[in-house]
Amino acid sequence: EVQLVESGGGLVQPGRSLRLSCSASGFTFEDYPMGWFRQAPGKGLEWVGFIRSRVYGGTTEYAASVQGRFNISRDDSKAIAYLQMNNLKTEDTAMYFCSREDYNNDYSFDYWGPGSLVTVSS
Amino acid sequence: DIQLTQSPSSLSASVGDRVTITCRASQSISRYLNWYQQKPGKAPKLLIYSGSILQRGVPSRFSGSASGTDFTVTVSGLQPEDFATYYCQQSYSVPFTFGPGTTVDIK
Chain A
9 EVQLVESGGG LVQPGRSLRL SCSASGFTFE DYPMGWFRQA PGKGLEWVGF
59 IRSRVYGGTT EYAASVQGRF NISRDDSKAI AYLQMNNLKT EDTAMYFCSR
109 EDYNNDYSFD YWGPGSLVTV SS
Chain B
459 DIQLTQSPSS LSASVGDRVT ITCRASQSIS RYLNWYQQKP GKAPKLLIYS
509 GSILQRGVPS RFSGSASGTD FTVTVSGLQP EDFATYYCQQ SYSVPFTFGP
559 GTTVDIK
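Same order as they appear, the protein sequences are chains A and B. Just so you know, the numbering used here puts the end of the first sequence at 130, numbered straight through with nothing missing. Just so you know, the numbering used here puts the end of the second sequence at 565, numbered straight through with nothing missing.
If you're looking for bench data, these hints aren't it; they were derived computationally from the structure. Watch out, some of these pointers could steer you wrong.
[Said to hold, decoys possible] To spell it out: a stretch of chain B is covered by chain A in this simulated footprint if at least three of its residues, at any positions, have a beta carbon under 8 Å from a beta carbon of chain A; those stretches are: (1) 473-481; (2) 498-511; (3) 543-549.
C-beta: ideal position from N, C-alpha, C; glycine also.
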């Protein structure tokens, strides 16, 4: 059974950093791109970015709203994807989800973690 | 960036009703349109990918279709567990974008 679990969220002051982890199980992690999404309280879904599999260079793409501040990485040996968030702003307050990108099905996001809440406030 | 609009933004329906939600893309995205269902406090759930292919395990009362840049998801025979918010999302090009969502609530 595919499972994704995010961790590392919490309350952080503006300008500080936080790293989220996404622990995966139940599939061959190294074969899949992994995405990060967020949802501000009462708002819609927003794509944050994703990281390709190592076979495709492990390269990353980001939303303009986080470009230069957030960094996605992966450790295939541990089956973990990371979202490093720097210089956090109050508008980054959201529930953050990780998801598996299914390259077999037109790059849809087929499995999601339950989310990790990040609150940026002084 | 590709913009997605959804209509309606919300609707009220009864159990057993047939409901249709539309998503329009600002430019051609071929078949790269996905539909997700989200319930309060939960992660999104993939319902349909590639515009019309039902994800494994999703009930057959859900269906998707596409015509040009217009995509629809239809629920034929709404069930109590279908009351939720539905989002479309394009995976044609980065940045991947979502529609603003359509909330389906009980009439």
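Structure-based check of all given hints:
{"no.": "1", "hint": "473-481", "in the structure": "violated (count 0)"}
{"no.": "2", "hint": "498-511", "in the structure": "holds (count 8)"}
{"no.": "3", "hint": "543-549", "in the structure": "holds (count 3)"}
Comparing the model with each earlier hint shows a violation of hint 1 alone; every other hint is respected.
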